[in-house]
Amino acid sequence: MSRTFGLSEFLFIVAAVRWTLLLSLVAFVGGGVVGLVIAIMRTTSSRFVRLLTGGYIQLFQGTPVLMQLFLFYYGLSVLFDMQVDAWPAVALAFTLYSGAFLGEIWRGSIQAIPRTQWEASACLSLGYFEQLRFVILPQAMRISIPPTVGFLVQLIKGTSIAAIIGFVELTRAGQLMVNVTFKPMIIYPIVAALYFAVCWPLSLVARNMERRIDADLGVKRHF
Amino acid sequence: MHYAFHFNVVWDHWRDLAEGAWLTIELSAIAMTIGLVLATVCAYGKAAGPSAIRWAIATYVEIIRNTPFLVQIFIIYFSLPALGISVGANEAAIAAMVVNFGAYGTEILRAGIESIPHGQIDAAKAIGLSRLQTFRHVVLFPAVKTIFPALASQFILLMLASSVVSAISAVELTAATNSLVSTTFRPFEFYFVATGLYLMMALAFRAALGGVFWMVFMRGQQV
Numbered sequence: 003m004s005r006t007f008g009l010s011e012f013l014f015i016v017a018a019v020r021w022t023l024l025l026s027l028v029a030f031v032g033g034g035v036v037g038l039v040i041a042i043m044r045t046t047s048s049r050f051v052r053l054l055t056g057g058y059i060q061l062f063q064g065t066p067v068l069m070q071l072f073l074f075y076y077g078l079s080v081l082f083d084m085q086v087d088a089w090p091a092v093a094l095a096f097t098l099y100s101g102a103f104l105g106e107i108w109r110g111s112i113q114a115i116p117r118t119q120w121e122a123s124a125c126l127s128l129g130y131f132e133q134l135r136f137v138i139l140p141q142a143m144r145i146s147i148p149p150t151v152g153f154l155v156q157l158i159k160g161t162s163i164a165a166i167i168g169f170v171e172l173t174r175a176g177q178l179m180v181n182v183t184f185k186p187m188i189i190y191p192i193v194a195a196l197y198f199a200v201c202w203p204l205s206l207v208a209r210n211m212e213r214r215i216d217a218d219l220g221v222k223r224h225f
Numbered sequence: 152m153h154y155a156f157h158f159n160v161v162w163d164h165w166r167d168l169a170e171g172a173w174l175t176i177e178l179s180a181i182a183m184t185i186g187l188v189l190a191t192v193c194a195y196g197k198a199a200g201p202s203a204i205r206w207a208i209a210t211y212v213e214i215i216r217n218t219p220f221l222v223q224i225f226i227i228y229f230s231l232p233a234l235g236i237s238v239g240a241n242e243a244a245i246a247a248m249v250v251n252f253g254a255y256g257t258e259i260l261r262a263g264i265e266s267i268p269h270g271q272i273d274a275a276k277a278i279g280l281s282r283l284q285t286f287r288h289v290v291l292f293p294a295v296k297t298i299f300p301a302l303a304s305q306f307i308l309l310m311l312a313s314s315v316v317s318a319i320s321a322v323e324l325t326a327a328t329n330s331l332v333s334t335t336f337r338p339f340e341f342y343f344v345a346t347g348l349y350l351m352m353a354l355a356f357r358a359a360l361g362g363v364f365w366m367v368f369m370r371g372q373q374v
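First to last, the protein sequences are chains Z and F. Using the working numbering, you'd call the opening residue of the first sequence number 3 and step up by one each time. Using the working numbering, you'd call the opening residue of the second sequence number 152 and step up by one each time.
If we strip away everything but chain F, and leave its shape as in the complex, we get (with noise of 0.2 Å):
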């Protein structure tokens, strides 16, 4: 092995990588809180809703647990547009994740409202609560703390798939190594200082989520 490393290459355009390291923070971000809401509506109806919804919610789940995401994306980016839908590299991508992740999220979240026992919400019932009181405050609440690993390593899987959308020119951080390998012709030192950073990111974002979890569900409890 005679290769002689140049990462000052790498260094010299720092600030194309962090922003494109910055777009997948933000596609992740904006996309796991859409797909959260899309969770938990589906989730709901999966729970309570009539068998026509319920039905069309495991068809989608389904649909989406068993075909690839890069098939997904293509699907919102370029057979889309063919039915006179047009949308951005951007938007696409955001579309992709959230529609991946909601139905990831919704299967989770099932999960968690499977492990609250049918006498709590029966007691919810006794004391007036409405059905959608109910959901929020009983079953979801408790729901969500007992599921909050896996939300947050599916999170970080999406993350890490987002890298995928380079397919479709939305410039994060893999489309952005992408351009300065082609213009640097060193491909090693930037994939892998890239992979370092995606490394950086789904720890830095494991620190964030159990930081979130502690506030939302632990801080004031008695232990």
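This is chain Z alone, in the form it adopts within the complex (with noise of 0.2 Å):
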């Protein structure tokens, strides 16, 4: 006997969002630390070390990350013969893969400043450091917030793959009340407008202030 789908599992669906939300955000700062040594590192003068967090970058972003996630999720219990929990093998995955894609989004936002200015921090005697801390990094910031909101909601999305192995967000809540009221043709349309209502305004919000920096930069767009 199938339950009928009321008040009280529209609410469940509801509730997921929160899962869907914190794990994106977990990955999302977790993403961001990564990303931030990715980035610096990709932009040293050390062949190495570009080489390196290269190949990093093209593993994570040549690779589907839901073999990412299975990796981590039942690779790794086999591998290190212990239980790997859903939450921490989740988090990890979305992590590592988000720290790729910030680290190319901020690699390119570091490149895009001058290397006068690199050069002008050196002439007042900064130390490495200190030329990216006070001079490159607060400038590089503000051309890469457009694009970094964009993959925030890259992300949020992404995150509905966990729902595969099981892992309860939004999108496994709406399988979860599709399995025991068998009505797929409301509860998926309910799920896609939840995902929606949540990236649709921070899609805006990264249009909108493209634009702005776009204008100020001076790039000219017809439409």
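Simulated from the structure, these hints should not be mistaken for lab results. Computed from a predicted structure; not experimentally measured. Every residue, glycine too, gets a C-beta built ideally from N, C-alpha and C. Any given hint might turn out to be false.
Said to hold, decoys possible - Pairwise CB distance ranges, derived in the manner of DEER restraints:
1. F:181 to Z:50: 33 to 43 Å
2. F:362 to Z:50: 23 to 33 Å
3. Z:116 to F:163: 49 to 59 Å
4. F:277 to Z:53: 51 to 61 Å
5. F:362 to Z:8: 50 to 60 Å
6. Z:116 to F:266: 20 to 30 Å
7. F:236 to Z:170: 39 to 49 Å
8. F:270 to Z:9: 51 to 61 Å
9. F:359 to Z:140: 23 to 33 Å
10. F:163 to Z:8: 22 to 32 Å
11. F:173 to Z:10: 39 to 49 Å
12. F:284 to Z:156: 34 to 44 Å
13. F:169 to Z:144: 43 to 53 Å
14. F:205 to Z:203: 18 to 28 Å
As the list claims (entries may be wrong) - Some residues of chain Z that are not near chain F, with every Cβ distance over 12 Å (derived):
15. 12
16. 52
17. 66
18. 152
19. 163
20. 196
21. 210
22. 214
Each chain sits in its own coordinate frame; assemble them with the hints.
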């Protein structure tokens, strides 16, 4: 006998939004730390360091997130012969994934700052990390915000994949309710609408900021 | 760590993996081709259509870009049959990939179209080209040349995202790997090799698309 789709089922799905948001937040913050380190290492003069971090980015951008998730969730547990919980496995996989993307976005932002800025701050006898901290990063930060917010949208959508290994977030909650109510044509559009409600405002913010920065930099857009 | 690796088990099942990888390539190539046509039509409609069509296309693009691919697959595969539209797993996978790629492709092409100076379009009109001829020869061709790298990246993202269609029993590389894992109990080895295969496919596709770019846009041009 199946349950009917009523208010409590609806609220169960809505409540699961918090797990999607929490997972996205953990992965975004963790990935931000990893990404910053990667971005800085990618812009150093050492060829070896650049190659190493380039390989990391290629590895995580060139393979499906789902595979990374499987490797962390099923692979690590047999490798170290221990029970790996869904939370740490999923959080770690998405942290490393977003680290690779944020690292690449921020590398671009750092490299967009003219060389002369580095040279000028070197003339002021600032050390390497002082140059980064006081001159380069504050400027790079500004241009990096729109693509960073854009990636956040991608990350929030991407966390839906955690549902495949049974991690209960928005998509998994929808699946669970479909299993007991047999109403996929109502539930999945609701799930989609909830993602949209979270992601669309972020997309709009990102686009507006991009326009404003473009306007400041004198980039013309016809439409 | 006292884990004994058994990669020879993977080698024993290379045929299943190869078949899965081939289906991944097939699904991606078909979806990209149809998706590219869809994206071109939508980009044309968005640039030159009446406002109702422009609005409809913008809505489509925003909805797809702000909801997860996995949920889009679920809607096509599980929700549509409830309305009497029944689709097989592979068809649903292709449909979801086409709809998804179409939306991103529309945005990428739009950016390319915007990069064409308006004077060029006026010039095309002045020498008597029709609207469609203008779009094809004067707008689309140079626009695609400009945004080809972005399109290629989006295609590789599509190929990697196709791993998610394993959730609806389309037996591409990820699903093939999953079933091998469940019969051999060797998750690390299989996921490791499958991840490597995806990486190789991503690199191969990048090289192949680079070749396409050279053949279509560079050959016969004086440097």
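Evaluation of the provided hints:
| no. | hint | verdict |
| --- | --- | --- |
| 1 | F:181 to Z:50: 33 to 43 Å | holds, 42 Å |
| 2 | F:362 to Z:50: 23 to 33 Å | holds, 31 Å |
| 3 | Z:116 to F:163: 49 to 59 Å | holds, 57 Å |
| 4 | F:277 to Z:53: 51 to 61 Å | holds, 52 Å |
| 5 | F:362 to Z:8: 50 to 60 Å | holds, 56 Å |
| 6 | Z:116 to F:266: 20 to 30 Å | holds, 23 Å |
| 7 | F:236 to Z:170: 39 to 49 Å | violated, 29 Å |
| 8 | F:270 to Z:9: 51 to 61 Å | holds, 59 Å |
| 9 | F:359 to Z:140: 23 to 33 Å | violated, 41 Å |
| 10 | F:163 to Z:8: 22 to 32 Å | violated, 51 Å |
| 11 | F:173 to Z:10: 39 to 49 Å | holds, 46 Å |
| 12 | F:284 to Z:156: 34 to 44 Å | holds, 37 Å |
| 13 | F:169 to Z:144: 43 to 53 Å | holds, 48 Å |
| 14 | F:205 to Z:203: 18 to 28 Å | holds, 22 Å |
| 15 | 12 | holds, 16 Å |
| 16 | 52 | holds, 19 Å |
| 17 | 66 | violated, 4 Å |
| 18 | 152 | violated, 10 Å |
| 19 | 163 | violated, 6 Å |
| 20 | 196 | violated, 9 Å |
| 21 | 210 | holds, 14 Å |
| 22 | 214 | holds, 17 Å |
The structure fails to meet hints 7, 9, 10, 17, 18, 19, 20 from the earlier list, while all remaining hints are met.
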